Structures are given as C-alpha cells and as structure tokens.
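Chains V and A, in that order, give the protein sequences.
What the first sequence shows, in the numbering used here, is residues 1 to 539, in sequence order.
What the second sequence shows, in the numbering used here, is residues 1 to 95, in sequence order.
If you're looking for bench data, these hints aren't it; they were derived computationally from the structure.
Predicted, not measured: the structure shown is a model, and the values here were computed from it.
Backbone N, C-alpha and C fix where the C-beta goes; we use that ideal spot for every residue, glycine too.
A hint or two may mislead.
[As the list claims (entries may be wrong)] Which stretches of chain A does chain V cover? Using the computed rule of at least three CB atoms under 8 Å from a CB of chain V, they are:
| no. | stretch |
| --- | --- |
| 1 | 66-77 |
| 2 | 82-95 |
[Stated by the list, open to error] A few chain V residues facing chain A, derived, Cβ under 10 Å:
| no. | residue |
| --- | --- |
| 3 | 213 |
| 4 | 242 |
| 5 | 246 |
| 6 | 249 |
| 7 | 303 |
| 8 | 314 |
| 9 | 316 |
| 10 | 323 |
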Amino acid sequence: MSQETAMAEGGFWRDTGRTGIGAWIFSTDHKRIGLMYLYCVLGFFLVGAFLGLLIRLELMAPGPTIMTAKTYNALFTVHGVVMIFLFIIPGIPASFGNLVLPIQLGARDVAFPRVNLFSWWLYATGAIIVLVSLFTGGGAPDTGWTFYVPFSARTTTNVSLAVFGVFVLGFSSILTGINFITTIHRMRAPGMTWTRIPLFTWSLYATAWVQVLATPIIAITLLLVVTERILGLGLFDPTRGGDPVMYQHMFWIYSHPAVYIMILPGMGVISDIIPVFSRKPIFGYKMIAFSSLAIAAAGSAVWGHHMYTSGMSDTGVLVFSFLTFIVAIPSAIKVFNWVSTMYKGSISLEAPMLFALSFILLFSIGGLSGLILGAAATDIHVHDTHFVVGHFHYVMFGGTGFAFFAAAHYWLPKYFGRRYREKPAIVGWVFMFIGFNILYFTMQVLGMEGMPRRYYDYLPEFARLNFVATVGSWILIAGVIIVVWNLWHGLFKGEAFAGNPWGGATLEWSVATPPPTENFEEDPVVTHGPYDFKGAGVP
Amino acid sequence: MTEEHAEHILSYGKLTTVWVTLLVLTAATIMVTRVELGVWKVWAALAIASIKSGLVIAFFMHMKYEPRLFRIILFVALFTLAGFIGGTFFDVLYR
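Please build the complete structure, drawing on both the sequences and the hints.
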C-alpha cells in the first residue's frame, strides 16, 4: 500500500466494527463525533451565509428589491438562529473540541463517550426541529433571533416549535460542557499538570463552565415563551402583572455569556497557532489561561448592556456599563500576549497563521467598537443600528469565524492525512479579509449615520453605502467558497500529510496521522509544556 | 485525579433526623407567614429555605462526604446563580 493510501484510510477512519453510516452515527469515538459536528456546523454555516447574502441583496437598493418585507423579517431571523445556535455555539467547541481536546490531554477519549454521542444526537434532533419550524405552522419565525416578547408571544409564525428546537440544542451544549469539564479534571495523562494543558483546552474549560451554568437559563426562558403562547399566563405582559424587561434579562443572562461560548474557543485556537507559526513559546501562558476564566466569569455579569434602552433602571445601566468595561481587561491581556509572542519570532505566514493574524485585527476592531456600545452614553445613539450589526459580526465572524477556518487549516490535515493546497487557501483568505472589511466596516459607518438594523427599507441617503456593503458581501462569499472548496478537495483528494509539519509541541502532533482509534499506542507521560518546542524535540 | 473516596452510607437514624428537621423547618416557614415581620418576612422565608436545601445537599445528596472539588463546583454554581439573581435586582429594585 502506498504511503498516501495508507494515510487517508488509516487510523480512526478504519478501525470500526460497523460499516456505512452506522459507523459514524453510532460511534462513540470523539474524533468521529467531532467530524460529524464539523460537517453539520459547516453545512449550517454555508446555509446561514447564503441567507446573509440574500439579506444584503435585499438591502442593496432602497425599496423592495428581491423579496417582501415579511420574507425579509423571516430571513434575518433564520440567518440569526442558524448562525448562532447551529453554527457558532457548537462551531469550535463541539467540532474541534471533540477532535483535539482528549488527545491534547493524553486521554483515549472524553470522560463519557456515550453521553458525547447523545450530545450529537440532541444537536441533530434540535437542528431538525428548527428546520421543520421554518416550513410548517405559520411559517418561519419573524421575531429576530432574540425572540423578544411581547411580539414573540403574539406573532402567528412558528415561534413555539423553533424555540423548542433551540431548547433541545441547549441540552446538547450542556452535556458537551459537562463532558469536557470532567475530562479535563479526570482524564489527564501522567505529567499533564494544569500548567501544561494547552491553551486551546484551557479555553474549552472556561467555555464548558459557561455552557453548564448559563444554558439552563435560556432553556427555561424559552419554555416560558412557549407557555406564554399556549396558556397566555401573562408572565411578560404588563397588563396582567408581567414584565417584558424581565424576559430580556433572562434571555441575555444566557445569551451574553453565550458570546463567550462562541469567542473563547476561538481565542484558544489562536493561542495554539501563534506560537507554532512564530517558532517561539507563548508569552504569558498563565495569564492567557487565567484570562479565559476571567472572561468567562466577568462575561457572565454583563448581560444588562444589551438593555440600556429597554427601560432598565439607571442604577442597572450604571452597574452593567461598569462591569462591561472589566471584560476588556482579560481580552486585552490575550491580544497583548499574542503580539508579544510574535515579537522577534520566526514567523511563517501559512494559511492557519494568516487566519490567526486576521483574527487578532478583526477581533480588536470588534472589541473596541464594543466599548462604544458598553458605554451607556454612546450606546444610546447607536443602539439597534447597523453599528451593532457591524460590531458583532467583527467579533463573531471576524473572531470566531476566522478562528474556525484557522483551526480547520491547522488541525484537519492531521485527522484526514491529506492536506489542502496552500495557494488557493491564501487567495481565499485574501478575498475573505477584504470582503469582510468592506461589508462590516461599511455597516458600522452606516450605523453611525443612523441606519437602523432589521429595517426592510431605508432613506435614500443610506443607498450608496448599502450598495458598497452588498458588494463586500459578494467578495466575502467568493472567499468563503474558495476556502471551503479548497479544504474539502484537499482533505479528500490532496497530497499526503504526515507527522508534524507545522512543528507543534502539543500532544496531538505526537500521535500517528490520522490518529488511531484510541489515540495513543501507549499511555503518554508528559514531560514538557505545550509550547516547549525544544522539550518536544521539534526543530 | 487520584482522590478516590469510599462509599459513605448514612445510617437510618441520621437520615430520619434530617427528614424530621426538614419537616419542622417546613412548619416554621408556614408559621413565619403568620407573624408580622414586614419586609423581613421574605428574608426569613429565604433563610429557612436555604437551610433546608443545605441539609438536602449535605446529607441526602452526600455533598458533606464528597471531595473538596465537588463542593467547590457546587459553590461556583450557587454563586453564579446568586450573581444572576442579584444582577437582575440592580434593575428591578431601582426602577
């Protein structure tokens, strides 16, 4: 057997008792589960991106362009629901977390492999329920992904089924969180002390806590919306003693920490890639590790900054504005440490590094524009405008989205035994980076000028910049297509990828390519830190 | 990772004592509602409820006999919940 064939068919790809699809959907191997998540989240990302493209086409010119106002309302809702709940929340933790975390710890699998498979089934079930809700009952929800009352309690669209789907997805997230926390506490190889845990796994640890502690709140909140719709209890209806602002509190108590479920794993990816492609140990390992925990803790206490204009008390606004600024500190610690790691490093600009570098820039722009929104005085002016849309796309797509592609280019060749072509990857990245900034920076300018979000139509003075933003979306989507096609083609048909070509010092680079079913031939004993290249014997 | 602990089996006597204490505290909750305490009524009810849940967690759920790590994890969860409720009151109390 040639070396090439052996790699693509070896390792965990071959060792299974079952055949066909059953070898995947009933497998408890963390790598197979990770790949199943990966295929699903990538599929939903492409669906969500297509919906986003349609939204931009509608906004290309004032007045009706390609759809009705009702369709537009449904489109931005479904774009949000798909991107948030089906792509970005499970995106990095469930796919790359499953693929990488146990091997980075020196474990043969996660602590509860069957629960891990059950998590994937819950994810698949929740996703199907959400998809069914789009085409049944009163049609796709038109509330925005936040499902705000009182509108979500009254609209005739299929809100009940959609939020039930999100409810099920939440349990998938909680179980993954419990699994990762237990794995990190209980399954570390001998010698894998807390300060030798790779920073990607550290970030998943912080993420898992948020998943476990915050997700139950959205679950109960969404159930309350369903009971409100079916039984009309009046929980959020002021005429019957209810409080609509209380819904917003409960929604954001989960959904703001959820932002950190989305971004923390992305930060972990960057922390693992930067030292490898700078040929230098990470600068400030402990500070980066603890700042993940600090972001998780502080990020759980700032939900009120979504509600400055919702009728919250002035004291509440003051407290939440103050707390919001605290989150900037651990975020900045990470950025400064990444930049310090690169200082005087031998930087090699390959695809994973390019995505990682653009993460730092785009996340910084997103984070700094977040301070404008965190300060109550300035937020009042740009609340619910395109500035907010631009801001969170910088953080979520420029941050997590680019980190997702960085992780894909960095780790997937190891699991497939084949690699993508470098040149198309870089061309795709250039398109994505340019298109991204044209699209979302323009949105921020539009928001500053007063263009509201979620509006089907707009004043003529916004026409020029909206056209520019739409052109940016075409460039961005062209880049995404090139990158995804190149990855897909390379991973299944590309040239062989073996050993440790990037020169990583974490454990996943010490195992065979692709990794065997139980990861290690013999239980590893860890004798060096995750970025100690000399200790790992990497040139 | 090595902190294995032996199964701890509680005696019927101890379990019954905890159960009776819970019943007494339930009765106390009802009696408190009949005493005129003003705003302290809610705090009294919450205090009794906290003691009751503490007993359930410590004895029926065995937390008293679990490794320290589990107690820390429980504390983190309770602290977070208190933070969520407390943060909400910065709005509700001052509106």
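Checked hints:
Proximity of the stretch 66-77 of chain A to chain V, defined as three or more residues with a beta carbon under 8 Å from a beta carbon of that chain, is established by the 3 residues found. With a threshold of 8 Å between beta carbons, the proposed coverage of the stretch 82-95 of chain A by chain V holds, since 10 of its residues qualify and at least three are required. Contact between residue 213 (chain V) and chain A, as hinted, is supported at the beta carbon level, the nearest pair being about 5 Å apart and thus within 10 Å. Checking residue 242 (chain V) against chain A: minimum C-beta separation of about 13 Å lies over 10 Å; hint violated.
Interface restraint check: residue 246 (chain V) against chain A, minimum CB-CB distance 8 Å, threshold 10 Å, status holds. Evaluation of the residue 249 (chain V) hint against chain A yields a held restraint, the C-beta minimum of about 5 Å falling below 10 Å. The beta carbon of residue 303 (chain V) is positioned within 10 Å of a beta carbon in chain A (closest approach about 7 Å), and the interface hint is therefore held. The criterion of a C-beta within 10 Å of any C-beta in chain A is met by residue 314 (chain V), whose closest approach is roughly 7 Å, and the hint holds.
Nearest Cβ of chain A to the Cβ of residue 316 (chain V): about 4 Å, under the 10 Å cut. The hint holds. Residue-level restraint check for residue 323 (chain V) holds (minimum Cβ-Cβ distance to chain A is 8 Å; threshold 10 Å).
Consistency with the previously given hints fails for number 4 only.
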